[in-house]
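Protein sequence lines, in the order shown, are assigned to chains S and Y. Anchor point for the first sequence: position 42 equals 42 in the working numbering, and the numbering is continuous, going up by one each time. Anchor point for the second sequence: position 290 equals 290 in the working numbering, and the numbering is continuous, going up by one each time.
Be a bit skeptical, because a hint or two may be false.
If you only want the chain S side, here are some residues facing chain Y, beta carbon under 8 Å, derived [stated by the list, open to error]: (1) E89; (2) G91; (3) T276.
What follows is a set of in silico ranges between Cβ atoms, one per label pair, in the way DEER data are often shown [unchecked claim]: (4) S/A76 to Y/A112: 43 to 53 Å; (5) S/A270 to Y/T127: 37 to 47 Å; (6) Y/T127 to S/P114: 24 to 34 Å; (7) Y/W142 to S/I168: 55 to 65 Å; (8) Y/S2 to S/A319: 21 to 31 Å; (9) S/G235 to Y/V307: 34 to 44 Å; (10) Y/S110 to S/Q33: 33 to 43 Å.
These aren't lab readings, by the way, just hints derived from the structure by calculation. Glycine included, every Cβ here is placed at the ideal spot set by N, Cα and C.
Okay, here's what each chain looks like letter by letter:
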Amino acid sequence: MTTGTFTVSRRGLLLGGAAATVAANLPRAGLAQEPIRMAGIYTVPVEQQWVSRIHIAAEALKAAGTVDYTYTENVANTDYPRVMREYCEAGVKLIVGEIFGAEAEAREVCAEYPDVAFLLGSSFMPDEAANPNLAVFDNYIQDAAYLSGIVAGGMTKGNIGMVGGFPIPEVNRLMNAFMAGVREVKPETKFQVSFIGSWFDPPKAKETAFAMIDGGADLMYAERFGVSDAAKERGVLAIGNVIDTQPDYPETVVTSALWHFEPTLNAAVAAVQAGTFKAANYGTYSFMREGGCSLAPLGTFEDKVPAEIKALVAEKEKAIRDGSFTVTIDDSEPKSS
Amino acid sequence: MSEIVDILISASFWAAVIRIASPLILATMGELICERAGVLNLGIEGIMVIGAFTGWMAVYQGMPLWGGVAVAMAAGMLFGLLHSVLTVPFGLSQHVVGLGVTLLATASASFAYRLMLPQVTSPPKITPFQPLYIPGLSDLPWLGAALSQTALTWFAFAVAGLVAFTLYRTPLGLAVRAVGENPAAVEAQGLSVTGLRMGAVIVGSGLMAVGGAFLTLSAFSSFFFEMVNGRGWICIALVVFGAWKPGKAVLGAILFAAFDALQIRLQQTALGAVLPYQLFLALPFLLSILALILMSRRAEVPAALMVPYNKGER
């Protein structure tokens, strides 16, 4: 964001300019449609689980030549509108990001640039009248969380620890769906729920998980980094969330509820290409029937999860996909039981 | 009530207390050395981030764990050098310099991280310090479990002992304490005020960085940008709480850690179902403020704290 302060020698500028021109012209010949200029604006590093799913989907489209993708990470909420404007002024056609902490200001910027399409994670619904160019999304992966709960119910003796960051809708929804899945199998399960008041404090998440394991938990719902580490050290099980963490903890993580951002992003890019992008709630593209979420393969736990649990998961997954069963969306704060 | 007693007498609770206290003890000792020499070091939060990052990165690049600790210490000392040059010979505002060092150190860690690991989806892990088995001690029924700690924790307590010994039992310690009380008198003795203060800030910053490295090398196994999460600011308060005395400061760190370990466990009792979780998270801070009020009434602030010394100035 500090392009203006760079000093460039004349030769460097000429060479760089020539290279840029060549690079810009070469791929066009082979493509039917010009790549859409797209920017990601994230308030956290792209390592963060939630944002990493968006980043991976965008990088995939970039590799396919559909979009021309750049991103800015670690943007403070107070800086968010400024970075949006900079990308808009630079001629970007599609902006993806998350405005949970800058809702009002970000929506003002959307109104100022009606020709730019915005696909932003938000706690509120789209507003056709005020922002016809703003579509919203969130990780509505309660379907996968519910299925991971069924697996957890089959693996626990009846005491589950859950460590979350903050009790916001996105977190609560998945925790509640997970708990509903567990109760499907073991209705009497005791839940220990804690929030650590931080998104990035793995040592604290780990300490909280230790306390729950001391309190009898034999399975941990790992919403934060650090929880699976505590489970691994104490030899109890864990269920992952949003990303697949089993490769890092092969003997600990039974399965994970995965979020796939690809259906959401592909739908938005297709709409921009067709010129039909409009205010909409893209949250439903995270549902299982859209391919927006899935249960990670059991992998190392394939033979350890009881057969009747696997059968129940398959049965429920089929019912979710054909629409005969709907997982309840419950955004209320989960409590210990 | 019986639930709370059960928590307080469990060995796992005290093991957690010592774990949580260890990084605080290291960084608090670092800050204490700086302040006893008359320099407030607000660079602590950023220097802890640098320590957490460099220590972890060194181990990830193949160095042994203690090598990572040494690298973290060296990196912290480098930022300490910057801080001390600006605050001691130049005599600039210690508040502004300290906050500047924190911002610079935090941003440098992010920048270096992205340069070295441009294409990752989650930060790579290292194999951290494991709890030490000490023959005899580790086999004791209750104590063995409570003292199941990593080598870096033992190191933290050893450092606290060393700092206390040096400050009160050696000529060097006397000079460091004197330079924070009456630098003109130290000058009159033919000692270098600038040298003593810079040395104290550099060594203190090194210890802060080791405190940060504790988070990535012992408490956890990889680095996240915001993982220090205000622990540095807590250490500043712990120095005041300890009335600028190492023993009391260690006690303060243990007390704070105990409140923290307690609130985590209280959330799962009957109280947790009634009270909002934010109240529990705030508990260690509320209780620490209360303890601070009680403890600080008889505190002796180093007389020359935050007063720059210019040779020959009246």
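Here is what the structure says about each hint:
1. E89: It is violated, given that the least Cβ distance between S/E89 and chain Y is near 25 Å, above 8 Å.
2. G91: Constraint on S/G91 not satisfied, violated at 25 Å.
3. T276: 32 Å, violated
4. S/A76 to Y/A112: 43 to 53 Å: The hint (43 to 53 Å, Cβ to Cβ) is violated, given that S/A76 and Y/A112 are roughly 20 Å apart.
5. S/A270 to Y/T127: 37 to 47 Å: 46 Å, holds
6. Y/T127 to S/P114: 24 to 34 Å: 54 Å, violated
7. Y/W142 to S/I168: 55 to 65 Å: Violated, since Y/W142 and S/I168 (Cβ atoms, about 40 Å apart) do not stay within the stated range.
8. Y/S2 to S/A319: 21 to 31 Å: Between Y/S2 and S/A319, where Cβ atoms are some 46 Å apart, the hint is violated.
9. S/G235 to Y/V307: 34 to 44 Å: Between S/G235 and Y/V307, where Cβ atoms are some 55 Å apart, the hint is violated.
10. Y/S110 to S/Q33: 33 to 43 Å: 36 Å, holds
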